[in-house]
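Q: Residue numbers (UniProt numbering), protein chains in the order written: chain A, 1 to 288; chain B, 1 to 288; chain C, 1 to 288; chain D, 1 to 288; chain E, 1 to 288; chain F, 1 to 288.
By construction, these hints were calculated from the structure, which means they are not laboratory data.
Cβ coordinates follow ideal geometry from the N, Cα and C atoms, glycine included.
Errors might be hidden in some of the hints.
What the hints assert, rightly or not - In silico contact screen, one side only, chain A against chain B (beta carbon under 8 Å); selected entries: (1) H5; (2) L159; (3) L218; (4) I219; (5) A266; (6) H267; (7) L271.
To be verified - Listed below are the simulated DSSO-like cross-link pairs for lysine-lysine, each with C-alpha atoms no more than 27 Å apart in a straight line: (8) K76/A with K76/D; (9) K76/E with K76/F; (10) K76/D with K149/D; (11) K174/A with K149/A; (12) K149/A with K139/A; (13) K76/A with K149/A; (14) K76/C with K76/B; (15) K174/C with K149/C.
As the list claims (entries may be wrong) - Not the full set, but computed from the structure, chain B residues with beta-carbon under 10 Å of chain C: (16) K76; (17) T80; (18) A113; (19) T116; (20) R221.
There are 6 protein chains.
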Amino acid sequence: MSEVHTAQVLVEALPYIRRFAGRTVVVKYGGNALAGTSDHDALALFAEDIVLMHTVGIRPVVVHGGGPQINDMLAKLNITSTFSQGLRVTDAETMQVVQMVLNGQVNPQIVSAINTHGNVAVGVSGIDGRTLQVTARNKALGFVGDIDKVRPHVIQGLLDDGFVPVLSTIGVDKDGQSFNINADTAAGAVAEALGAEKIIYLTDIAGLRRDIDDASSLIQRTTVSELQELISTGVISGGMIPKVDSCIQAVRGGVKSAHILDGRIAHVLLLELFTDHGAGTMITGDVS
Amino acid sequence: MSEVHTAQVLVEALPYIRRFAGRTVVVKYGGNALAGTSDHDALALFAEDIVLMHTVGIRPVVVHGGGPQINDMLAKLNITSTFSQGLRVTDAETMQVVQMVLNGQVNPQIVSAINTHGNVAVGVSGIDGRTLQVTARNKALGFVGDIDKVRPHVIQGLLDDGFVPVLSTIGVDKDGQSFNINADTAAGAVAEALGAEKIIYLTDIAGLRRDIDDASSLIQRTTVSELQELISTGVISGGMIPKVDSCIQAVRGGVKSAHILDGRIAHVLLLELFTDHGAGTMITGDVS
Amino acid sequence: MSEVHTAQVLVEALPYIRRFAGRTVVVKYGGNALAGTSDHDALALFAEDIVLMHTVGIRPVVVHGGGPQINDMLAKLNITSTFSQGLRVTDAETMQVVQMVLNGQVNPQIVSAINTHGNVAVGVSGIDGRTLQVTARNKALGFVGDIDKVRPHVIQGLLDDGFVPVLSTIGVDKDGQSFNINADTAAGAVAEALGAEKIIYLTDIAGLRRDIDDASSLIQRTTVSELQELISTGVISGGMIPKVDSCIQAVRGGVKSAHILDGRIAHVLLLELFTDHGAGTMITGDVS
Amino acid sequence: MSEVHTAQVLVEALPYIRRFAGRTVVVKYGGNALAGTSDHDALALFAEDIVLMHTVGIRPVVVHGGGPQINDMLAKLNITSTFSQGLRVTDAETMQVVQMVLNGQVNPQIVSAINTHGNVAVGVSGIDGRTLQVTARNKALGFVGDIDKVRPHVIQGLLDDGFVPVLSTIGVDKDGQSFNINADTAAGAVAEALGAEKIIYLTDIAGLRRDIDDASSLIQRTTVSELQELISTGVISGGMIPKVDSCIQAVRGGVKSAHILDGRIAHVLLLELFTDHGAGTMITGDVS
Amino acid sequence: MSEVHTAQVLVEALPYIRRFAGRTVVVKYGGNALAGTSDHDALALFAEDIVLMHTVGIRPVVVHGGGPQINDMLAKLNITSTFSQGLRVTDAETMQVVQMVLNGQVNPQIVSAINTHGNVAVGVSGIDGRTLQVTARNKALGFVGDIDKVRPHVIQGLLDDGFVPVLSTIGVDKDGQSFNINADTAAGAVAEALGAEKIIYLTDIAGLRRDIDDASSLIQRTTVSELQELISTGVISGGMIPKVDSCIQAVRGGVKSAHILDGRIAHVLLLELFTDHGAGTMITGDVS
Amino acid sequence: MSEVHTAQVLVEALPYIRRFAGRTVVVKYGGNALAGTSDHDALALFAEDIVLMHTVGIRPVVVHGGGPQINDMLAKLNITSTFSQGLRVTDAETMQVVQMVLNGQVNPQIVSAINTHGNVAVGVSGIDGRTLQVTARNKALGFVGDIDKVRPHVIQGLLDDGFVPVLSTIGVDKDGQSFNINADTAAGAVAEALGAEKIIYLTDIAGLRRDIDDASSLIQRTTVSELQELISTGVISGGMIPKVDSCIQAVRGGVKSAHILDGRIAHVLLLELFTDHGAGTMITGDVS
């Protein structure tokens with residue numbers, strides 16, 4: 001009985017393994033996932049999935065932010081934030097903390113977790129090779145930047161050498177000044193610049209819903225135009241908007257599909273990649 | 001529940017997929033398997049497994065005989081055999097039938113079955129590029145040959161070009177005369193000459209047993225030296241001897257492992273290759 | 001005196017040797033040539049020419065049928081043919097015989113003859129890698145097929161690996177069913193698919209004639225449009241039509257020249273390839 | 001007059017440029033150099049030299065520590081150090097600060113400075129690809145590690161892709177735990193692992209002296225054995241010992257020469273590399 | 001003081017070294033330069049510059065004539081010239097002398113001078129591989145030819161193999177007859193055919209002047225259209241016209257810049273190539 | 001009848017064509033051959049053979065001297081030679097003539113003759129890339145040199161680029177001074193340095209004889225040790241000694257065979273290379 005199921009899983013999985021071999025898959029891993037008590041196990045499972053993807057020839061790129069960890073460190077240093085137009089202002093002192101925490105705390109933690117399965121992970125920040133080139137959004141917000149251009153050479157070089165890049169989402173402007181940027185947006189832009197096969201957002205929800213109050217209305221597969229309607233009719237709202245916008249942008253920019261998965265499910269990346277059923281919500285262009 | 005099992009199968013399988021990518025696996029497929037009524041389904045499942053192996057980068061080589069089909073054709077042509085020392089004599093007329101049936105009937109049937117899944121199979125006989133060079137065993141037996149040398153260039157060239165060679169076990173001597181040879185022995189010799197990772201014999205038994213009358217005594221894993229003891233104590237006997245001898249010879253010649261599997265189990269090749277438990281009996285060298 | 005002639009032959013031959021190095025030449029070898037008493041010598045001379053062509057870097061491809069041998073085997077098996085619209089019907093039983101004889105008898109005989117001069121020949125049938133993909137001509141004729149598409153990958157791969165492919169003209173449809181096809185037509189289609197330099201038909205006539213009754217009217221060189229006129233005026237008729245049509249089709253499809261040679265002349269292939277005078281009839285496009 | 005000098009400089013420099021093209025040069029850049037007021041200019045000049053070296057085909061690798069910056073951050077966070085055997089204990093909290101400051105503050109500052117001249121610098125820490133694998137020195141000192149092994153693959157890959165790696169000297173043990181390590185020692189070990197042509201220490205002294213009190217006794221060129229004598233006789237002592245030991249170790253490990261230069265001299269790297277006179281102190285093996 | 005100047009020279013030179021690495025630079029070296037007493041030193045300095053250019057990856061091609069040396073040999077052989085339309089007639093006897101002197105005297109002298117710095121120079125004449133294909137200018141002038149076509153294959157092959165070609169400007173027509181040609185024109189045509197970065201004429205003047213009588217009116221940089229005006233207004237005249245015309249032609253044909261330098265200045269090639277100030281007169285297209 | 005002979009020539013020649021493809025054959029062409037009245041035809045036939053050899057993939061290298069042409073020019077210039085120990089002294093003036101005639105007259109004549117069949121010939125002298133490095137034999141003889149070392153890089157590079165090098169046998173010492181050398185010896189040394197398949201001397205005799213007075217005693221094939229006996233017994237003497245010594249030296253140095261052919265026979269090179277009978281005298285090592 002179990003042998004039959006095992007054989008079915010394999011028969012289903014092998015063609016996907018071939019299809020995705022050599023393809024780039026960008027995975028956005030949230031800072032939240034690292035912050036809680038039980039998260040170390042979640043990080044370990046995530047790290048194992050990334051290494052298994054790498055094992056069968058997929059080229060994974062991990063992109064991360066680190067909001068909770070930044071807040072902790074600001075608190076420790078007694079730095080209080082001011083706000084402008086409802087958004088937190090990133091002054092020089094805050095920016096230094098953001099950069100230290102993302103590059104010097106969160107990034108090495110993810111890299112080390114992956115490397116316990118085989119020394120393939122390499123941390124990169126948007127400063128390296130000026131990978132994420134930004135301009136300031138507006139003066140009032142301080143060092144908050146919007147991406148002008150992704151230079152994919154460092155990441156591409158690491159992928160070609162067989163490494164798994166782990167990208168800390170710090171931007172840099174033409175003068176070498178560092179900037180705070182939105183990690184979801186950065187992940188989408190990186191996927192587009194790399195010509196990725198997939199961009200996958202690991203979240204703490206099961207996926208998108210057609211009816212926000214009905215768990216049974218999970219959207220398994222949708223298109224860019226349907227998504228835009230869901231936004232305009234208010235079905236999708238709030239914190240999901242930047243993620244969903246990044247999905248739309250990435251798919252329009254040539255990424256084959258975008259995914260919103262529940263990072264709390266063990267091995268959800270493998271389930272999405274290697275089964276017919278997949279996991280969470282898959283977003284493709286209108287024609288495909 | 002099912003998702004957990006699926007994830008487990010994948011986590012287990014992916015490292016094997018990596019390990020075997022680019023490796024050559026020789027599969028001996030018996031003429032019996034093609035002869036019965038329900039065999040067309042068995043052939044279809046076998047063909048699917050071969051293509052799936054190929055899909056994930058394994059280099060499969062199929063080797064076949066065709067005893068039952070030869071007997072049928074000899075009967076149709078009213079050719080009766082004589083015997084010498086208890087073995088059937090292969091005279092010129094019989095040899096012509098053997099060659100016609102193996103190269104012109106069994107081989108194309110297997111090739112066509114595989115090609116319904118994607119035109120990768122190419123039939124080869126031992127005559128092509130003098131792949132299987134033989135000498136006559138003795139005059140009394142007529143055109144019965146023993147392999148002197150396997151020239152792997154044709155098979156290797158086809159593998160390098162991405163094809164699945166399907167080898168008909170006809171031998172040829174220095175003068176270009178065709179010979180009848182033992183297919184099990186040929187399969188082992190080919191595996192050795194190719195530096196194969198595995199030689200797999202698909203049979204109609206579950207595997208080798210430690211006690212021939214006790215189904216529960218199936219040997220999952222054994223070594224060359226244990227096998228020799230089982231032969232010397234008579235546990236292994238009769239028709240299994242040539243197969244087991246070929247396994248021993250191949251492993252001694254550098255093939256990493258030899259396998260005796262039950263070809264009646266659906267997708268038994270995938271189960272053997274991609275699960276920790278494997279299937280049937282696995283034979284390795286004494287040290288590993 | 002002889003030295004002067006030898007030098008002249010060499011001075012004439014060397015530029016042709018250079019011109020044809022690396023070029024593909026398809027040679028249609030008839031089943032008739034194998035059927036007679038003295039043919040073993042003819043086969044040996046033919047095999048020597050093929051190996052000498054290969055020696056100086058030409059890429060020969062041999063294509064064969066086997067009508068007489070098929071008839072012999074049908075007779076032995078007491079299979080009588082029915083006819084439809086004046087053409088022999090190929091039922092399943094007949095088809096099996098056709099395939100057995102071409103793949104299992106004629107093909108290995110040619111391969112072995114070539115390999116006595118150096119193990120370079122490899123038998124291929126239209127089934128391998130679905131090289132010759134066909135559709136049924138019409139229901140009444142049974143398994144008689146017309147070529148839809150030549151997939152040249154197997155033959156090309158063997159050529160690139162330094163082998164001489166010997167093609168048995170069995171076709172296969174999308175479902176893997178084998179079909180009987182015209183060998184002359186197949187040879188032309190293969191030459192076209194390979195982008196061959198030449199297609200050469202070895203026959204038992206000296207070449208085409210302008211006046212069918214006048215041996216002195218041999219056509220040494222002609223063009224596609226002149227040939228069409230000769231057909232429309234009835235000068236060329238009967239059994240020569242399929243061969244000549246295949247020549248026209250191949251030249252139109254990009255083959256530089258088609259040749260009808262007398263296979264009974266010793267080393268006629270070398271004389272055609274490496275002398276200014278050539279041999280038999282040469283057909284080119286209208287402009288060249 | 002000036003034209004003559006210019007020509008002399010070029011005639012002298014061009015052969016060095018050829019000799020060092022394609023060679024790896026490791027430059028240890030001290031944290032002190034970044035700490036002072038006027039250092040931004042020093043950093044800018046240093047960054048220009050690194051880019052000019054890169055321009056003519058040298059493969060520079062920058063290695064840095066960051067003692068003063070770590071002390072500042074520990075002070076801001078009110079973390080006080082305990083001591084064991086006269087050495088500062090690195091507890092988990094301290095280690096986190098060390099890592100944040102080196103990876104998240106000092107490293108990006110150097111990377112950004114170089115990138116203002118052309119986006120070639122890429123920050124790497126010893127954690128990435130487990131580049132610097134360490135074991136704890138002893139329990140009492142906490143997370144203070146000694147290098148077991150340098151895995152040069154990440155740095156080598158970046159060099160091969162045309163980037164300038166900037167290495168933050170954090171070590172990591174087999175379990176993924178980060179460690180504090182001596183930056184001078186790390187620089188030497190990296191040079192050895194890369195088979196570097198040169199290891200250059202930028203310091204705030206003019207070079208080594210034969211008589212510590214006599215500025216005119218500057219050693220322009222010395223050997224490993226002479227250096228050992230200078231240590232044993234106490235001429236070299238104190239804070240210079242780890243640097244000098246790293247030089248000796250690197251030269252013994254195959255690095256062609258080690259250099260101690262005065263980082264306060266503008267373009268001292270170019271003067272050392274491309275003039276006959278060189279700069280500071282050069283240390284070679286005894287035979288060369 | 002000197003260190004500061006040295007550093008300035010290096011900072012200025014390194015980017016040029018990178019820019020010109022791998023680029024072809026054609027240098028026209030005059031026969032006059034070899035004829036005088038003190039010329040051996042000039043030749044030695046010139047040879048050193050060529051080798052230094054080669055050292056840093058530039059691909060220099062030297063083109064030479066040899067008027068004075070030809071006149072000497074004609075005198076020794078008592079051959080007197082006749083004239084037609086004011087130009088010297090090159091009869092068969094004179095042509096033989098021209099060829100002997102250029103290929104057998106001047107060319108080996110330059111090759112040997114370069115090879116004392118490292119065996120990289122290889123003499124080539126326009127006859128080799130029919131590099132300079134010409135047609136006769138008119139019957140009256142005898143063997144005076146104009147270039148129809150430069151076949152760059154021999155020179156390109158030598159450059160690709162790391163050699164420095166030294167081209168003797170003998171032309172050859174379709175029948176293999178040798179011709180006397182203008183060396184300045186040949187140098188320009190070769191630069192154009194090679195897609196050279198620069199064509200440099202070494203002369204015995206400081207450069208072009210805006211006012212022929214005013215040494216201070218040296219033109220450091222000019223364009224093709226300004227030059228044409230200077231010719232049409234008579235500022236440039238006489239013997240400079242062929243050189244200047246060759247410059248114009250070469251720049252129009254794709255050479256980035258043409259230069260007229262004073263070959264009497266030591267290391268003038270290095271000063272031109274590797275300093276911002278350059279030397280002599282530089283001619284570029286109108287847009288750049 | 002003629003067709004049969006033609007086929008025989010081809011059957012015999014094709015395996016040689018294959019065997020020699022890609023192999024280097026050095027041909028020593030004498031200055032005498034160019035000096036006489038009817039020589040232009042001889043040169044044309046020789047040039048055709050060289051191009052035909054090149055056509056079928058052989059890599060010919062032509063080596064020449066030019067004694068008669070040098071004597072003519074010395075006479076024209078009224079330069080009389082002095083003698084020391086019975087040998088002509090090469091003073092500076094004579095050396096200049098030798099170099100001018102070989103590089104500037106004989107070499108271009110051969111190059112142009114070959115190039116009328118397809119621009120493949122490139123003249124090279126021993127000065128180029130210091131191909132033939134020599135030292136003076138003794139002071140009394142002036143600029144007469146013996147070869148120390150052949151640097152094959154220029155010739156090898158030209159062969160790899162598909163050219164036919166034509167080598168003028170001028171030597172050069174470490175200081176760049178040109179020297180007169182024996183052309184037969186130079187040809188043998190070049191063959192050895194190139195690892196040539198054959199060294200062929202074109203002479204005006206039919207080959208070596210066992211009895212100098214008996215034309216029927218021509219030696220078709222001999223070995224190094226037999227040759228040494230023939231020299232020691234005085235059968236071979238006089239002007240043939242340097243040629244025969246060069247043959248012995250070359251064969252000992254790894255050249256497969258040396259040949260002494262009668263250059264007056266039309267296409268003698270083709271007869272030697274591509275027939276079983278060969279031409280002239282063939283010298284091999286003792287074992288082969």
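Q: Measuring from the C-beta of I219/A to each C-beta in chain B, is the shortest one below 8 Å?
A: violated (19 Å)
Q: Double-check A266/A for me: the hint is only fine if its C-beta lies closer than 8 Å to a C-beta in chain B.
A: holds (6 Å)
Q: For a C-alpha distance cap of 27 Å, please report whether K76/C and K76/B respect it.
A: OK: K76/C and K76/B at ~9 Å, within 27 Å.
Q: Go through the hint on L159/A and say holds or violated, using the shortest Cβ distance to chain B against 8 Å.
A: violated (17 Å)
Q: Against chain C, run the beta carbon of A113/B and see if the smallest gap drops under 10 Å.
A: With a minimum Cβ separation of about 7 Å from chain C (threshold 10 Å), the hint on A113/B holds.
Q: Under the criterion that the straight-line Cα-Cα distance not exceed 27 Å, is the pair K149/A, K139/A satisfied?
A: Distance of about 20 Å is within 27 Å: holds.
Q: Would you settle whether the hint for T80/B is holds or violated, based on the nearest Cβ-Cβ distance to chain C being less than 10 Å?
A: violated (15 Å)
Q: Does the CB of R221/B sit less than 10 Å away from some CB of chain C?
A: violated (37 Å)
Q: Taking 8 Å as the limit, does the beta-carbon of L218/A come near enough to a beta-carbon in chain B?
A: violated (14 Å)
Q: Is the hint on H267/A kept, meaning its closest Cβ partner in chain B is under 8 Å away?
A: holds (4 Å)
Q: Starting from K76/A, check that the Cα of K149/A is at most 27 Å away, please.
A: It is violated: about 34 Å lies between the C-alpha atoms, which goes past 27 Å.
Q: Given a cut of 10 Å on the nearest C-beta pair, is the interface hint for T116/B held or broken against chain C?
A: holds (5 Å)
Taken one by one, the earlier hints fail for this structure at numbers 2, 3, 4, 10, 13, 17, 20, listed in ascending order.
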